[in-house]
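> Residue numbers (the numbering used here), protein chains in the order written: chain A, 1 to 102; chain B, 1 to 579.
With a Cα cut of at most 30 Å, we get these calculated BS3-like pairs of lysine-lysine:
1. K5(B) <-> K246(B)
2. K119(B) <-> K95(A)
3. K71(A) <-> K89(B)
4. K72(B) <-> K20(A)
5. K121(B) <-> K71(A)
6. K573(B) <-> K5(B)
7. K73(A) <-> K90(B)
8. K75(A) <-> K121(B)
9. K20(A) <-> K121(B)
10. K20(A) <-> K119(B)
11. K89(B) <-> K73(A)
12. K71(A) <-> K119(B)
13. K95(A) <-> K72(B)
14. K119(B) <-> K75(A)
15. K270(B) <-> K553(B)
16. K71(A) <-> K95(A)
17. K73(A) <-> K119(B)
18. K72(B) <-> K119(B)
19. K121(B) <-> K89(B)
20. K17(B) <-> K254(B)
21. K95(A) <-> K121(B)
22. K71(A) <-> K90(B)
23. K75(A) <-> K89(B)
24. K90(B) <-> K75(A)
25. K5(B) <-> K34(B)
26. K121(B) <-> K73(A)
Computed footprint of chain A on chain B, listed as stretches where at least three residues anywhere in the stretch have a Cβ under 8 Å from a Cβ of chain A:
27. 77 to 89
28. 110 to 118
I should point out that these hints are in silico values taken from the structure, not numbers from a laboratory. We treat Cβ as the ideally placed atom computed from N, Cα and C, and that holds for glycine.
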Amino acid sequence: MRTEHDSLENVVCETEVEIKNAEGLHMRPAMQFVDIASQFDSDITVSNNETEVNGKSIMEMSMLAATCGTKLKIKAEGSDAQRVINALRELVEEKLFSEPAP
Amino acid sequence: MEIKKGIAVSPGISIAKALIIDSEDYRIPRRSIKVSQRADEIQRVRNAFKDAIGELTELEAAQGKAEGGKIKDIFAVHLRFLHDRSLRKKITDLVHSDLVTAEYAVSTILREIAAHFSKVKDAYISERAADIYDIERRLLIQLLDRKREDIEHLTEEVTIIARELSPIQTAGFDRNFVKGIASDAGGRTSHAAIVARSLGIPAVVALENLTESVRGGDTVIIDGNHGIVIVNPDDQTIRQYEEYEKEFAELEHKLDAIRGKPAVTRDGVKITLLGNIEFHDEAETVLQKGGQGIGLYRTEYLYLNRQSEPTEEEHYQAYAETVSVLQDRPVIIRTLDLGADKYTQRKRFAPEPNPFLGLRSIRFCLQNLTMFKTQLRAILRASVLGDVRIMFPLITNLHEVMQTKMILRDVMEDLDEESIAYNKDIPIGIMIETPSSALTAFSLARDVDFFSIGTNDLTQYTLAVDRGNELVAALYSSSDPAVLRLIRMVIQDAHKAQIDISVCGEMASEPEYIMLLLGMGIRTLSLTAPMIPEIKQMIRSVTMEHCNNVARKVLGMNSERQISNYLRAAARKILPEAF
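Starting from the given sequences, assemble the full structure and let the hints guide the process.
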């Protein structure tokens, strides 16, 4: 994990996660991801090797079509960037999307 | 404003909002907009999202907490998509950059996304394409005013716009609200045209790509007199047409004034004018327009729009109601004339490769005897209520006549055994609508009480032209010398055998053919009710001597074009206002 201070307010954080649940990032997991991402102020982008998408858009997230085993890079930029990374990593790698959407 | 030219198939003017019926589930044609419409169109996209969200939120709430689980998840996912700004932006961007309609942009973008999912090898994800199609549908329902499925439950006046209208669709029209009909496909004798004429609704067909130019809710003018459709007319055009509509109504009114007068030529020859009907409630219209009976009661509608075959009682009720309106006037009931269409085709494992030459009409009945006998029983039972006559369609040879009469006798014997009353001398007739029956009319005439010439099918089969096929529809003409020779032959054979003869095809409702038909010896015409006053006016304006001359001249001519030009010119001289 890497943290950069652009300015006082703007922090950029990045991490890589692996999709471990069998179903991959299909609709419901994508929805959970987007719901959590949307609670934060930071701009969030998610990328696989080919494309980079907006982590707050369910359409873009689901179009990543990330199957089980896919590695995704999550990048957050904003005052709460660190908390974004923590929350999303927890959802993807620890909870394995098993919690119902808030 | 856009003006389209097609074929006028049912007279009258209508100005109403478009209702698009699309048989190919939600395929939206590409349609361009002007730069000035861009903002409105983008707003339509936003509104559609907002309304779809509102609808879905209600649905989700109605699901209740108890059911929870999967269905709620689906709603939740769909809602997230509808709230997704990136998605909305993709769609509005497309409207902005390509100048296309909201419908087209929604459909294009969502189908792109669905296609993207379908390509993914993982089943969990590829199956999600179905959700995207669902979302597309939700948005399109908002954009298309959610009217498309509701043609049977209309609450405001509309013009029906379709690629092609099937009998099933037209049978479901609410006549109080359908003010006009326009379709991409079809010809003068297509089903849409026949239904429109019988309901007295202005209609234009063969507009080729009208559905690409009209959007649900657009104002559309249908000019059924000239075959013109105007999409989104400007105020001045609307005013012109309102004026024209009024004048046309006045002409109709003037024609109505001759309703009570007899259909008799200037030199005193009486002509019988009967009405063609499809629904029993049209019988009233026939009388109102001055018809002297029903010359063709089509019974197909009894079989359409339903899952099971009609019962004997349902047949009987329809016939009894019609006869009660007509009292002692003749009612000629034609037995089921389906085939070459969905009703018979869907019962087959494999569709017929050439249905117009296949198992249709009387052929279908003779192979489905239980169904056929049910209808015959009902007709026979109704025969004691008035002057009921029975007519068999699409006869091609004597054997079919014999077979059909034998089945009718079987049914009569059944009724005798059950002591149910019927008219033992019910007149039995056949339609002459194939070249083979026309060529053998002299022998068929010995075994039936009357002929009725079905000029539409006779023309189609004689000229080998599918009248619904735009590519060859221009070859279809009852003015063709081959068709006219057959008609004259049938009339002469009927006269020799001293049986009744009438014409019940479209020719009988077209003013330009009246002098010719009378001149060839026809004294009974059966036609669509709205045209009766005009045809009567024509008859009252001619002398039989003139008609005989016209017929003699025409039968000496060799080309279709020469004949049709001559007939039109002759009729225009007699009745200029009809042209």
